[in-house]
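Participant: Residues per chain, in single letters:
Protein chains: 2
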Amino acid sequence: MEFSEVVRRRRMVRDYDPDRPVPGEVRDRLLEHAIRAPSAGFSQGWAFLVLESPEERERFWTATTDESDAADRWLTRMRRAPLLIVPLSHKAAYLERYAESDKGWTDRDEARWPVPYWDIDTGMASLLMLLTAVDEGLAACFFGVPPEHLAGFRTVFGVPEDYTPIGCVSVGYVGAEDRRSPSLRRGRRGLEEVVHRGRW
Amino acid sequence: MEFSEVVRRRRMVRDYDPDRPVPGEVRDRLLEHAIRAPSAGFSQGWAFLVLESPEERERFWTATTDESDAADRWLTRMRRAPLLIVPLSHKAAYLERYAESDKGWTDRDEARWPVPYWDIDTGMASLLMLLTAVDEGLAACFFGVPPEHLAGFRTVFGVPEDYTPIGCVSVGYVGAEDRRSPSLRRGRRGLEEVVHRGRW
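Chains as they are written, first to last, in my numbering: chain A, 465 to 664; chain B, 465 to 664.
Same shape as in the complex, but just chain A (with noise of 0.2 angstroms):
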């Protein structure tokens, strides 16, 4: 698909079609394409947990959702998509990449960083998966584990401390009931009002 179309394409979709897998050459393209995404200084400091089966799926809606979750219409819809993949950021990567001698910071100092590049870059990593996903036909979704199940995440899939789920990317076919976010009702900012030209 043409590079304009896919990104006028783009949503969140919340619903996905239960018997429709995600084909296996489209999962490698995602993480393919995920790898493509720039780093700082080329740290690469990500990591792409790939959850498939419905037991490994059922462990991650388990592990970083509450009880008081199951009734949720969101939670309902979202539990068919047939792929999940968790991008990781891993901050050690990055200040060990900048203590090393082309880059001459002599220290790990994390004050030296402006903003976490870590989690932008996995980010950026991110949104190749979702563009990824339009460009193939399907659709996808962005959304975060909250910080209170970020332990249980990490024990149940083994995830070593010093990496954190910047999120985590649904990936399937359209469902019929997928709904619009009503948080697009507040209108997308104009050009006029975030863009600044010369100076504020």
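For the record, the hints were derived by calculation from the structure and aren't laboratory data. There are no misleading hints in this set.
Partial list, derived from the structure: chain B residues whose beta carbon lies under 10 angstroms from chain A:
| id | residue |
| --- | --- |
| 1 | Glu496 |
| 2 | Ile499 |
| 3 | Ser507 |
| 4 | Trp577 |
| 5 | Pro580 |
| 6 | Asp583 |
| 7 | Ser590 |
| 8 | Leu595 |
| 9 | Val623 |
Just so you know, these numbers come straight off a predicted model, no measurement behind them. We put the CB at the ideal spot given by N, CA and C, even for glycine.
Position chain B against the provided structure of chain A, taking the given hints into account.
Facilitator: Leaving out everything else, chain B in the frame of chain A:
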């Protein structure tokens, strides 16, 4: 251009043809695509500072680099970029958005956020600009603004304290002296290294 071709071709370019400005319609498309990035709760807590005239760009380089950098060949080449777009994240917009009634958070406690989506979403907007430059036959680079120059940058351009530049996107036609980053010698980390299936 086909989406997958754009993803494959995208790379950081660090020298630009000083005689070829960025066409106005390309600049506009970069920004139109940037604001199509996803954002948590559709918060859209971002802004874009567009610097085009030689004076505007000179002010940016003077504010964000050291005297000692003057001899730096990186800077000599990067200064040739005819267009700079500084993406800024606005954390306060996210904290306020999630204090609204439909989100149900009754405070603005930053601890509710597992990762800084204000920076991640603004990073996604930046990646859309990098990709759009490739789609339009131009080149771009995303680079950081050092924390020690943050206050100076804000003063020079009148940027409010609660907006943080997550970096800068330089855009132009690729220059004759573009060199690949030495960081690329590190090699791309393959899928077998970064992908975990079912569990870690």
